[in-house]
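Undergrad: Using the sequences plus the hints, can you model the full thing?
Those protein sequence lines, which keep their order, are chains A and B. The numbers in our numbering rise by one with no breaks, and the one at position 8 of the first sequence is 242. The numbers in our numbering rise by one with no breaks, and the one at position 67 of the second sequence is 187.
Since the hints were derived computationally from the structure, they do not count as laboratory data. Possibly wrong hints are sitting among the right ones.
[What the hints assert, rightly or not] No farther apart than 20 Å at their CA atoms in a straight line, the calculated lysine to aspartate or glutamate pairs in the EDC-like style are these:
#  : chain 1 : residue 1 : chain 2 : residue 2
1  : B       : K193      : B       : D250
2  : A       : K345      : A       : D450
3  : A       : K345      : A       : E451
4  : A       : K263      : A       : D450
5  : B       : K198      : B       : E165
6  : A       : K263      : A       : E387
7  : B       : K268      : B       : E162
8  : B       : K198      : B       : E237
9  : A       : K263      : A       : D453
10 : B       : K268      : B       : E280
11 : B       : K198      : A       : E309
12 : B       : K198      : B       : E280
13 : B       : K192      : B       : E280
14 : B       : K193      : B       : E167
15 : B       : K192      : A       : D297
16 : B       : K193      : B       : E165
17 : B       : K193      : A       : D301
18 : B       : K198      : A       : D453
19 : B       : K192      : B       : E165
20 : B       : K192      : A       : D301
21 : B       : K193      : B       : E237
22 : B       : K193      : A       : D297
23 : B       : K268      : B       : E167
24 : B       : K198      : A       : D301
25 : B       : K268      : B       : D250
26 : B       : K192      : A       : E309
27 : B       : K193      : A       : D450
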Amino acid sequence: MLRRLFQWLDERLGLTTIHDVVLDRKVPKVNWWFTLGSASLFLFLLQGITGVFLTVYYVPSPDHAYDSVQYIMNEVRFGWLIRGMHHWGANLMVLVVFIHMLRTFFYAAYKYPRELTWISGVVLLLATLGMGFTGYLLPWNQRAYWATTVGTEIPGTIPIIGPFITSVLRGGSELSALTLSRFYSVHIWFLPAVITVTIGLHLYLVIRLGISHIPDEND
Amino acid sequence: MPNSPSLTRRQFVTLVGAALSAFMGTLVGLPAIGYLLSPALERRERESWISLGPLDQYPLNQPTLFTFTRTKKHGWEKTVTSYGVYVLRTSPTQVRVFSNVCTHLSCRVRWDEEAREYICPCHDGHFAIDGAIISGPQPRPLDEYETKIEGGNLFILLREA
Ligand code: HEM
Ligand code: FES
Chain A
235 MLRRLFQWLD ERLGLTTIHD VVLDRKVPKV NWWFTLGSAS LFLFLLQGIT
285 GVFLTVYYVP SPDHAYDSVQ YIMNEVRFGW LIRGMHHWGA NLMVLVVFIH
335 MLRTFFYAAY KYPRELTWIS GVVLLLATLG MGFTGYLLPW NQRAYWATTV
385 GTEIPGTIPI IGPFITSVLR GGSELSALTL SRFYSVHIWF LPAVITVTIG
435 LHLYLVIRLG ISHIPDEND
Chain B
121 MPNSPSLTRR QFVTLVGAAL SAFMGTLVGL PAIGYLLSPA LERRERESWI
171 SLGPLDQYPL NQPTLFTFTR TKKHGWEKTV TSYGVYVLRT SPTQVRVFSN
221 VCTHLSCRVR WDEEAREYIC PCHDGHFAID GAIISGPQPR PLDEYETKIE
271 GGNLFILLRE A
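TA: Pasting the structure below:
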């Protein structure tokens, strides 16, 4: 019965083909460093899920942001767990993505025909750092406030357009409710959308081109 | 292979992978459900004795309005609710306390000294000095609070949802 149901679905959806192409593809003999891309993907999904959960109680307004985080930590059941996972997951994701990049760099995996995989990877790294930067402001505590003050000040040193960039980031000349809400929006909508699409491209390329082998004397 | 009693390497990895995923899924999934339900699991009712001051300050047979506010926390936000109660001292040691919330649709009733009735301005509900219905659309008498007197001070039992 179940077998027939599966066959019915498989005939229409091509499940076996998807499985064979995505999971059963040929790979060279590799080592544990090659798991870091999948680890990045896992962490991104985990950040997505815990992040959605945090939005249930978090409020992106200067009046309530800090209190809502305190509420999550002290009063919501397992709030500490969800926020803790998101917090540590964020740190770990930057680390893992970075080491993944180092691995592809040192194994020269960015060379022909994988240049686009590398370029989409650069987008992913920058977007991941952007997630860290925008997320850092959201608790709206002293550390967040001053880190963002400094962080948005830095592009201000660029000649001519610098001050303009700073005010675009801040949504005005100084940090305010507008800064918090635009950081929130970028953190939960813009960057995740960019990352999702770019991961799609990245993985399409990984599957299409296959994984490079570990360089040997002949390379 | 289907008849072989031993697992292949591939089957073993699949099995262990599935078991670990299920384990981790439950470990995080169950707390996640608690997280979402959390506000609904809070204890709903809160009982507190509210002090209305020395009993002696209330005149005999004369409903006297006492007002106070209570602060309630909803997550990260505080809401202040005002309460009004009529204290009716029926003898030097006996007292009854009524809520000024009309039992019809929750407007506030007012003691009218001339008519010696509580009158609700919204739909002309009239209540007697002891809270009983005289006329109007209200379904039941004024709500009454449980009282206690301790050291000459009057307290009422407030139940908040
Ligand atoms: C959200 C971040 C990222 C995710 C989810 C991700 C995911 C993956 C996955 C699953 C693979 C398969 C092979 C492996 O795991 O090593 C891969 C390969 C690759 N990634 Fe990433 N990646 C990310 C960021 C980056 C970054 C920052 C770079 C470099 C700038 C990069 C460059 C590459 C390259 C060149 C390959 C091909 C490796 C090969 O063919 O041997 N990726 N990525
Ligand atoms: S609310 Fe008081 S009479 Fe309708």
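Undergrad: Taking 20 Å as the top limit, are the C-alpha atoms of B:K193 and A:D301 close enough?
TA: Holds: B:K193 and A:D301 sit about 12 Å apart, inside 20 Å.
Undergrad: Has the given pair, B:K198 with B:E237, been kept, meaning a C-alpha gap of at most 20 Å?
TA: violated, 35 Å
Undergrad: Going straight from one Cα to the other, do B:K192 and A:D297 come out at no more than 20 Å?
TA: It holds: about 18 Å lies between the C-alpha atoms, which stays within 20 Å.
Undergrad: Holds or violated: B:K192 and B:E280, Cα atoms, limit 20 Å.
TA: Holds, at about 9 Å.
Undergrad: Would you mind confirming whether the straight-line C-alpha gap from B:K193 to A:D297 stays at or under 20 Å?
TA: holds, 15 Å
Undergrad: Does A:E387 lie within 20 Å of A:K263 when you go C-alpha to C-alpha?
TA: violated, 47 Å
Undergrad: Run the distance test for B:K268 versus B:D250: straight-line Cα separation, threshold 20 Å.
TA: holds, 18 Å
Undergrad: Is it true that the CA of B:K198 sits at most 20 Å from the CA of B:E165?
TA: holds, 17 Å
Undergrad: Are B:K192 and A:E309 close enough, with their CA atoms no more than 20 Å apart?
TA: holds, 15 Å
Undergrad: Does the structure keep A:K263 and A:D450 at a Cα separation of 20 Å or less?
TA: holds, 12 Å
Undergrad: Regarding the pair B:K198 and A:D301, is the alpha-carbon distance no greater than 20 Å?
TA: Given that 20 Å is the threshold and the Cα spacing comes to 11 Å, the pair holds.
Undergrad: Does B:K193 pair with A:D450 here, judged by a C-alpha cut-off of 20 Å?
TA: violated, 65 Å
Violation of the numbered hints given earlier is confined to hints 1, 6, 7, 8, 18, 21, 27; the remaining hints are satisfied by the structure.
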